[in-house]
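For the protein sequence lines, the chains are A and B, in the order given.
All residue numbers for the first sequence refer to the working numbering, where the first residue is 1 and numbers rise by one.
All residue numbers for the second sequence refer to the working numbering, where the first residue is 1001 and numbers rise by one.
FYI, nobody ran anything at the bench for these hints, they're computed from the structure.
Fair warning: there could be bad hints in the mix.
DSSO-like, lysine-lysine: derived pairs with alpha carbons at most 27 Å apart [said to hold, decoys possible]:
#1 A:Lys174 with A:Lys107
#2 B:Lys1141 with A:Lys141
#3 B:Lys1102 with B:Lys1141
#4 B:Lys1174 with A:Lys141
#5 A:Lys174 with B:Lys1141
#6 B:Lys1174 with B:Lys1107
Protein chains: 2
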Amino acid sequence: MAGARWDIQEFVHRSIGSWRSQRSVHHLAFAHFEAVTSQITVTAVSPQDARVQELCQVHGISSDRVVSPFVMTWEGQSDWDGEISQGESLLVPVPTASYRGKLLRDKGYAETMPAIGEYYLTEDNTFVLVTLYDRAAAEEKIWFINDNVRCRVSLIKTSGGSGVVTASFSSEIKQKS
Amino acid sequence: MAGARWDIQEFVHRSIGSWRSQRSVHHLAFAHFEAVTSQITVTAVSPQDARVQELCQVHGISSDRVVSPFVMTWEGQSDWDGEISQGESLLVPVPTASYRGKLLRDKGYAETMPAIGEYYLTEDNTFVLVTLYDRAAAEEKIWFINDNVRCRVSLIKTSGGSGVVTASFSSEIKQKS
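Okay, chain A solo, but in the shape it has when bound (with noise of 0.2 Å):
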């Protein structure tokens, strides 16, 4: 990919608003799959708003490392029980380095407990996060493929790392506001 390389803040930047989302989860061990079509909205958040300086505190981090937070909420549905699942998460991201660091969550997709993941953004403008649960680790890529048009591979792994439960694939289209 031609043109300069991002930091957090230009890929929370660019990530800002409304994406329709196509996702299919593979179930690796029964072949099975699963699409879910969802919305998901991504907003800024002011790094001094209230729940930003709460969440650093349960971690002891200084807010005034803050770089970008933001906050997701998603309404989807899914093929396989047909129910309507929606969810909200706060996303406080904490460089490290020019293209790495901490990224803190009041809640965590894969459980609904606080977590701290590391992220680092490659040459190629891809976002990479890795979180560490108690049973689990999830790997997630995201990329761009233009302004309008995102990917997003999530990986969950049994917390050994060896093992992949599900592998899933968002396609995501940014609507007009």
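Position chain B relative to chain A; hints supplied.
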């Protein structure tokens, strides 16, 4: 990912074998999901093989420059029409630099004509292939999660390159031989 950076020889070497593939295709305009289960086999071919020599000749490329040619065969079933599709393609890498080169194919995925793609391997050992056809462009990324699991994301774009028509994701698990 820790460890040495891979060249095309290493990448092909790790791909040799039989793979069980789950592939999800997102037809973006219609938000349609298609699920394909297939068996993929990757077999090494000698650079001296007559088919390799012939493909090089077609493209006016010296076969001395060929590294690790291989044949890919697949047989799959889609949940869209239930039909079984199968095929075979000869792929011939021709490096132009350490982590970059051309990939000759006797047949493409998107069209059935011979094609030349441009490949490169990123710092984190992702294989990226861009192929331009008359009316479309295909972009493919393949990376290994571990020795036995790999992921593949393919995008088919309009030839201008701005519009993404389909995005597909495969999770591939190596079968014990």
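(message) Check the hint pairing Lys174 of chain A with Lys107 of chain A against an upper bound of 27 Å on the C-alpha distance.
(response) holds, 24 Å
(request) Take a quick look at whether Lys1102 of chain B and Lys1141 of chain B sit within 27 Å of each other, Cα to Cα. (result) OK: Lys1102 of chain B and Lys1141 of chain B at ~15 Å, within 27 Å.
(request) Decide if the proposed pair is consistent with the structure: Lys1174 of chain B and Lys141 of chain A, CA atoms, cutoff 27 Å inclusive. (result) With a Cα-Cα distance of about 22 Å, the restraint between Lys1174 of chain B and Lys141 of chain A holds, given a limit of 27 Å.
(message) Checking one constraint from the list: CA of Lys174 of chain A to CA of Lys1141 of chain B, max 27 Å. Satisfied?
(response) holds, 22 Å
(message) Need the status of pair Lys1141 of chain B, Lys141 of chain A: alpha-carbon distance at most 27 Å?
(response) holds, 12 Å
(message) Check the hint pairing Lys1174 of chain B with Lys1107 of chain B against an upper bound of 27 Å on the C-alpha distance.
(response) Roughly 24 Å separates the two Cα atoms, so the pair holds.
Of the numbered hints given earlier, the model fails none.
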